[in-house]
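S.K.: What follows is the residue order along each chain.
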Amino acid sequence: MNAPANERERALMGMGESRLRKEDARFIQGKGNYVDDIKMPGMLHMDIVRSPLAHARIKSIDKSAALAIPGVHAVLTADDLKPLKLHWMPTLAGDVQAVLADEKVHFQMQEVAIVIADDRYIAADAVEAVMVEYEELEPVVDPHAALLPGAPVIRDDLAGKTEGVHGARVHHNHVFRWEAGDSAAADAAFATAEVTVKQDLPYPRVHPCPLETCGCVAAFDPIRGELTTYITSQAPHVVRTVVSMLSGIPESKVRIVSPDIGGGFGNKVGIYPGYVCAIVASIVLGRPVKWVEDRIENISTTAFARDYHMTGELAATADGRITGLRVNVIADHGAFDACADPSKYPAGLFHICTGSYDIPAAHARVDGVYTNKAPGGVSYRCSFRVTEAVYLIERMVDVLAQKLGMDKAEIRMRNFIRKEQFPYRSAFGWEYDSGDYHAALEKVMGAVNYRELRAEQATRRADPDSPTLMGIGIVTFTEIVGAGPSKMCDILGVGMFDSCEIRVHPTGSAIARMGTITQGQGHQTTYAQIIATELGISSEEIQVEEGDTSTAPYGLGTYGSRSTPVAGAAIALAARKIHAKAKKIAAHLLEVGENDLEWEVDRFKVRGDDAKFKTMKDVAWAAYRQPPAGLEPGLEAVHYYDPPNFTYPFGAYLCVVDIDRATGETKVRRFYALDDCGTRINPMIIEGQIHGGLTEGFAVAMGQQMPYDAQGNLLGNTLMDYFLPTAVETPKWETDFTVTPSPHHPLGAKGVAESPHVGSIPCFTNAVVDAFAHLGVTHMTMPHNAWRVWQQLQQVDRPVEPR
Amino acid sequence: MIPPSFDYHAPSSLPEAIALLADLGDDAKLLAGGHSLLPMMKLRFAAPAHLVDLNRIDELRGIREEGGEVVIGAMTRENELIGSALLAAKVPLLVEAARQIADPQVRNRGTIGGDIAHGDPGNDHPAIALALDARLVLAGPRGTRTVAAADFFHGTYVTECAADEILAQIRVTPFAPGTGSAYAKLKRKTGDWATAATAVVLRMAGGVVVEARVALTNLAPTAIRVPAAEAALVGTAPVATAVEAAAQAAMAACDPAEDLRGDAEYKRAMAGEMTRRAVRLAAQRCSG
Amino acid sequence: MTTKKRISVEINGRSVEREVEPRMLLVHFLREELSLTGTHIGCETSHCGACTVDIDGSSVKSCTHLAVQCDGAEVLTVEGLADRGTLHAVQQGFYQEHGLQCGFCTPGMLVRAYRLLQENPDPTEDEIRTGMSGNLCRCTGYQNIVKAVRWAADTLKAQAAAPNASAAAAAAPAVTA
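Protein chains in written order, with the working numbering: chain A, 1 to 803; chain B, 1 to 288; chain C, 1 to 177.
Derived from the structure by calculation, the hints contain no laboratory data.
Worth double-checking, as some hints may not be accurate.
As the list claims (entries may be wrong) - For lysine to any residue, the following SDA-like pairs were computed, each having C-alpha atoms within a straight-line distance of at most 20 Å:
#, chain 1, residue 1, chain 2, residue 2
1, B, Lys29, C, Thr2
2, C, Lys5, B, Asp7
3, B, Lys187, A, Val728
4, A, Lys82, A, Lys344
5, A, Lys344, A, Ala180
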C-alpha cells in the first residue's frame, strides 16, 4: 500500500485508536468458553458440604447416606486429605488455611467435606445427605473484640506461636503488626501543629461479586501423569507453581488454563479450597472433576474486600497546609490470612495514603486480626489496599477542610504536590513518577462550573423547606499500581515481572502471548494495538493469547491494574527487539547501512529516497526465506519486564448528590470523572471500564454490606440483599482525561480502571457528608443507604414542614 | 441451586387441578408463576413431593368485565395487568402496582393470584386487593366460594385459602367517577420487596373526600388496611389538611419487622411518608 | 424415584425431544443436555438475568423455569439470534457501541434486548434502562449497553423502512475475531 502515512497509520488500528474489540465476536454469539461451559469425557461433578456455624468443633461426619445415593463416587473429608498432607495449604500471605475443616470450623460456610457424583443434581442431593455433628464454640466477629484479653481462641493450630511471618504476634488472634514512615517525625508535627483533626473511618467489608462465580475443571490423566486444570484464575502461572508444589507433580506436567473469565475484580486471584479439592478428587478418581460454586458460596467464602477499621489524623497550619499524617488500622483478615499481597507488604500498598499531597511527615500502623469470618481482604479493584488508603486521605482532607471552614477544592490545591516536584518522594518512600494534579482538578471544576454549584448549595441550605440536602464531593486521588519491581514485590517468592512473546509469521501476521489474563479488560484488542504501532502490522492481523501456562510465558497475572504497566512494557520491548532485527534485514534487502534507514508507520525507508522501502511484511517473508549472514531465520522475540518502579495514575472526581430529607434516599445528580493514566491505548475501552468501575464504586458506597450477627451468621448473602445496582439505579457518568505520561514506562502508560473504584467511593462519601456539613456532620460510614442516611437526618435535621 | 426431586403434574382444567390437589394432599404445592416457589425449592427451603402446574389452565387467565365487575383470572401475569387497556381505564391502581413489582422477566411469569395466595407480607397485591375491596374466588372440592380480601389474610404465609383450594379469580369494582388511586413504594432497588408501601384509593365529590381506602405492604405480618387513616380522610376538603393525620394513623397501625431494609423506627417513618405521597397523588388523580 | 417426563421443544427453530427429570431447570437443560452454553448462570435467586431466554415470545429467566414446562414451547437463545451467519441488529449494536467487556451477562442482555425492541421499537433511554432492569452487569455500568440497544433500535427501524436487508447489514462493518 502506498497511501499517505496518516492513512496507513489509521489502517493499523494501533495505539490511541478507539477500535472495536476483537474478542466480541464469540461473546455476542454465545460462543464464549467459560469454565462452566467446559465438558470433558467422563467428567464428574463436585459439590461442597459447608458449615452452618461460624465457630465449632467437628464431632463426627457420617458419609454413609451420601455414599448410598446412586451416582455418588466419593465423599472426602480432611481425614482423607491427611495422608496426602493436603488438608491444610499455605496461603499467599504466609499463613496456612484449612482445605477441608480439620476437627474445627472457623467461619460460616467453611468447607467441611466434598462429594463427587455423576452430575450436579446428584451431587446436590449428596451434600444434603452428609451428616455432620458440631459442638458450637463462641465466635468472635468484631476485630476489636477479638483482641480483648479473654477473646475466644480462633486458631488452635497457632497456639504458642508468638512469631508470625511478618514478625511478633501480640495476642492469640493477632496476625501481624506492620508499620511504615517515621513516627518520631509525625509525632513532632502533631506536637507543634496549629490545628489537628482526628477521625475514625471504618471501611466495611464488601465483596467483588463478579457475574461469573469461581470454579474449575481439574483433569488428571493417569496414563501420562499430567494434570490439566481449567480455572477461573487471574494468575494462572502462579496457580501452576503452587499446584505443582502442593501435589508433587512436576511443574512441567501441570497445565493451568484460564479460559474466558466472566469478571475478576480480584475475586479470582486466590487459590480456594474448592480448586484444591477438585484437583485431589481428579487425581484420586483418575477422571475430570468439575466444581463451580453458586452465588451464596461466592459471596460467603471467597476473597472479601476491605474490612479496615482506620483512624486518621492530620496536623496542619491554620491556613490549611498539612504538616503531618498518622494512621492506625485494625485490619480484619477473617479466620485465615489469605490476603493476596506482595509478600513484603501485609497491608499491601496502603502507605500511598499521603495521596496527592505534599505531606512532609507521616506514619502508618496496621494490625491484622483474626475473626470467625471468611478469609481475604485484598480484592475488588483495590490495587492492594489503595482503595483504603485513598479513602482515608480523601476523607481526612475533607474533615480538615470542614474544621477550618475551607473550601474542599481550595484545600486540595493548597496541598497538592506541584508538577515541578516530580519525580516526588513521599514521606513513606514512594517515588511518584509524574503528575499534574492542579490541571486535573481545575479542568473538572471548570467543566461542572463549581462556583455555581456551591452557590446553589448555599441557596438550598438557606431554604428550610428544601425537600433535599445538596452535597458536593471532590476526590483527587493518586494510585500506586503496576506491581512491581522484583526487589520489592514477589508473590510466594516469584518476582512480580511480566512477559510477552511475539512471533511474526512469514506472511506478515503475528501471534503474541503474555503472562497476564484478561477478564473483560480487552487485552486481545489493546495488546494487539501496542504491537500494531510498534511493528507496523494491522492489529487485525495480530492474534493475542493469554491464560494457557503451556504456551504463555511466565507472568504474575492481571490484577492491581498491572497489565499495561508491566505486561504492556514487556510487549513494547519484545516488539522493539523484533523491530531491531527487522531493521537489519531491511538494510540488507535495500543494500544500505542501518543508519540510512528511517521508520515510517509500517516500513523502513531509505532516507531521502521515498521509492526505496521495505514494509514489515516484506521483512517477515525475507526472515524466513533467507536471513542475512549472522542472523537466525525467523522473526520473534520474548521479553520479561521487571519494572523499575510502580506507576502513579491519578484523577479528579466530582459528585453532586441530592438527598431526600424524608426518606434518606440519595440521588446522584452528576458524576464527573477525570482520569490520567498516561498514554491511552484505546479510549473506548478505557471509558467502558471507567463506567464499570464507577458503577461498582457506587454500589459499594451506597448499598453494599456484609453484615454479620453476633453468632457469625452472614446476613444478606444473596443478590436479594447484596446491592448490585440495575440500569435503573445506576447514574449516568461523565468521563474526561488528561495525559501525563510515565517517564519510566516504554509507552508512557500507567494502567487504568481500578481508579474509578478507588476514586469514586470516597467521592460518594464526601458528597453525602458534604450535604450534612452545615449541620456539623464530619463523617458518615458506608453504606449510605436510605435507612442509614435517614438515621443521620434524624440526629441533625429538622423535619421539613408538611405541605 | 438444585431443587430436590418431585413429581410433576400439568392439568389442563380447573376441575382436574382440584382433583389432583385432593388426591395428593399436603405433599403437593401449586406452581403458578414460580418466582416465589422455585427459588425457595432451589435453596431447599421448600421440598414438596408434587408440583401441580397451573400454567396450562386457560380458564384461570384473562381480564374481562362481567356484571359490573372487572374479573381477573388468577393466573394473569403482571405484564398482562400492565398492558390491559381495561384495567388502565377502570382499575388503574392495579397497573401502577404491577409496574413496581420485580423486573420485566419476572413480570412475564409472576401472577396476581400467586402474589396474593402465597401469603407473603412482602408481596404487593395483597395491599392492593385490600385497597380495592377485592373479592377472591376460591375453587375446591367443596365448590366455589367468594372471600372478601379483608377476610383473606390471616398471618404470614397463612391465608383463607385451604390446602385443597385454588384461588381462581380476583373480582374488583371498576372505579366510579371522581376516583383517584396511587401506590407509593419505597424500595432499595429494582426488584426488591417494599421497605414500605402504601396503596390509596380516594373518591371525591364536589371537592370532598367521600370514600377512602388505605392499605400497607410489608409493614406487618400481613398486608393491612388502616381504618383510622381512612376515617381521617373522609369528609376532608382539601385533602391536604388530612394528609398528616392519615400518615400518623398509618405509622400507628403498622407493626414492621426489622430486617436489612430497616429497623422498626425507619419503616414506621416510611409508612408515614409513603402514605403522605400516595394520598397526595391519589387526590390529584381524582380530578383527572 | 420420580417419573421422568418426555418433552418436545423447539429450540432456535429446531425440534428437540428428550426425557427429563421434572426438577431439571431449563437453564441446565439448555446447557447440559443440548450443549447450548451461551445462556449463563450468575446466581440462584432469580436476580441477575444472565440466564434470560425467550419463550413463546416472552423474556424469561431460564433458571426459574422447569424444562418440563417447555413442552410444546418455542425457545430462543442467544445462539438463535443470528440468521444463518448474519448477526442480529442487537448483536451488531453491542459490538458497535462497546456494550460488553467480560461477556458473561451479554447473552442474557442480547436476548432481552431483542424482545424489548419487539415490544417497544422506539424506546427512550429511561425505557431502555427499565426494560433491561432484569439483567445485571458488573463490567460496563450499563451506559454503553443503553447506547447499544438504541443503536439496534435505529438499525431495525432503518431495516424496516428499507426492506432490502443487505443494504443495512452491509452498512455496519463485519465483526471480526
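S.K.: The structure should be examined with respect to each hint, and the outcome stated for every one.
M.R.: Evaluated hints:
1. B:Lys29 / C:Thr2: Holds. Lys29 of chain B to Thr2 of chain C sits at ~16 Å (cutoff 20 Å).
2. C:Lys5 / B:Asp7: 9 Å, holds
3. B:Lys187 / A:Val728: Answer holds: Lys187 of chain B to Val728 of chain A is near 12 Å, not above 20 Å.
4. A:Lys82 / A:Lys344: This hinted pair is violated, its Cα atoms lying about 30 Å apart.
5. A:Lys344 / A:Ala180: 12 Å, holds
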